[in-house]
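Asks: One-letter residues, chain by chain:
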Amino acid sequence: KAGVTQTPRYLIKTRGQQVTLSCSPISGHRSVSWYQQTPGQGLQFLFEYFSETQRNKGNFPGRFSGRQFSNSRSEMNVSTLELGDSALYLCASSLAPGPVGQPQHFGDGTRLSIL
Amino acid sequence: AQTVTQSQPEMSVQEAETVTLSCTYDTSESDYYLFWYKQPPSRQMILVIRQEAYKQQNATENRFSVNFQKAAKSFSLKISDSQLGDAAMYFCARLNNNAGNMLTFGGGTRLMVKP
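Sequence order for the protein chains is A and B.
Going letter by letter, the first sequence gives residues 33 to 147 in the working numbering.
Going letter by letter, the second sequence gives residues 61 to 175 in the working numbering.
Hints in this document: simulated from the structure, not taken from any laboratory.
In this text the structure is predicted, and so the values were computed from the model without any measurement.
Positions of the beta carbon are idealized from the N, C-alpha and C atoms, including for glycine.
Fair warning: there could be bad hints in the mix.
Now the in silico label distances, taken between C-beta atoms and shown as ranges [to be verified]:
no. : chain 1 : residue 1 : chain 2 : residue 2 : range
1   : A       : E114      : B       : E89       : 26 to 36 Å
2   : B       : K130      : A       : G48       : 42 to 52 Å
3   : B       : S102      : A       : S118      : 12 to 22 Å
4   : B       : M71       : A       : P71       : 15 to 25 Å
5   : B       : N118      : A       : L127      : 18 to 28 Å
Here chain B stands alone, though its shape is the one from the complex (with noise of 0.2 Å):
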């Protein structure tokens, strides 16, 4: 099976530092993307950020980035400056480029930010 695991299922961070979320997949396609998204407690999943696996350059969205290591098949989630409103599940995604909008989900990291 082509599976996304997340080995933290928990995780605490001071407000105002960094913390970084694991997430490491298997795939045998050689094009597919990786997603994260958040979880909230009010149920809504947000899409944090996405990577594009034909590129090297790592993506950043503002606080957020990741570090993809394509051959090592590991895709983390960098938050930096972290916020109260940064408190939520965190989900890392895969999908493959032959499936459609089928994404396989991690199992979830639940990010605690203490004030």
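The shape of chain A in the complex, shown without the other chains (with noise of 0.2 Å):
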């Protein structure tokens, strides 16, 4: 069984510019969610979508957007880029949402730098 799937594996931006990201979750898993891995911040949670539908949300401004599609792959959005939004951002996908505490299931990761 393929993984959760992250494309693009890295990518380099300038400020101002926006930025799509692709993740394709395990096949069957319809929970995604979305992290920002930085050296300064961590592990930040940004959302979570199932269903097509954003389910929770995290503590980002509204530069960050994303959404799901009917089979389950997410995109996430960042416009107008920020020196300060260089980071890994981490895609997860489960098999449902809570409550039962499925575990997540990672992905590696598209590496932003932005310049």
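Now that you have both chains on their own, put them together as the hints suggest.
Replies: In structure tokens form, the structure reads like this:
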């Protein structure tokens, strides 16, 4: 069974641009969550999608948005990029949302660098 | 804020010996889940072990076991017979029962394994 697939693996952008990252969950998984990982702030939850609906949202500005398609694939978009958006963006999928506490399976991440 | 704290930024262990990584957390919920994830240099977060808060019995997975002290809100990870491949960042995470799949992570502990 293929794991969680994130594309692209690396991305370089400049300030003010916008970027779209993609995540394909494990087959059969319907919940997709996104996390931002930085050396200073650690791992922070961005948002979660289930059945094409945003279920939870972390404490990030409106420049960060996402969506989920009917095949459970998800994209996240960051507009008007800032230097502080440089990070590893991780996607995770699980068989179902809570409250059963299903473990989440992570992809390899997209390393975004802002120049 | 409901936080997860890992007080050891770095730990070192000799190959074949045992090491314990500490984690404490804060929550007002009575039902939640706790996880340990491993992140090697390859970046992918790998689930090591999962504990359901309502279960008294400590979870074990081969060489990995936890010491879950619910009253103390403590969730430490013990790695027995450490192997070179155990070298990685280890993250403790909490999932509240009413929060979908929103994981709250600790800051991580870098584990080094000496041959």
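Asks: Each hint needs a verdict: does it hold in this structure or not?
Replies: Going through the hints against the structure:
A hinted range of 26 to 36 Å for the beta carbons of E114(A) and E89(B) is consistent with their spacing of about 34 Å. For the hinted restraint 42 to 52 Å between K130(B) and G48(A), the CB-CB distance of approximately 48 Å keeps it satisfied. A beta carbon spacing of about 20 Å between S102(B) and S118(A) agrees with the range 12 to 22 Å that was offered as a hint. One distance hint, 15 to 25 Å for the beta-carbon pair M71(B) and P71(A), holds here, with the actual separation near 18 Å.
At about 24 Å, the CB distance of N118(B) to L127(A) agrees with the hint of 18 to 28 Å.
Taken one by one, the earlier hints all hold for this structure without exception.
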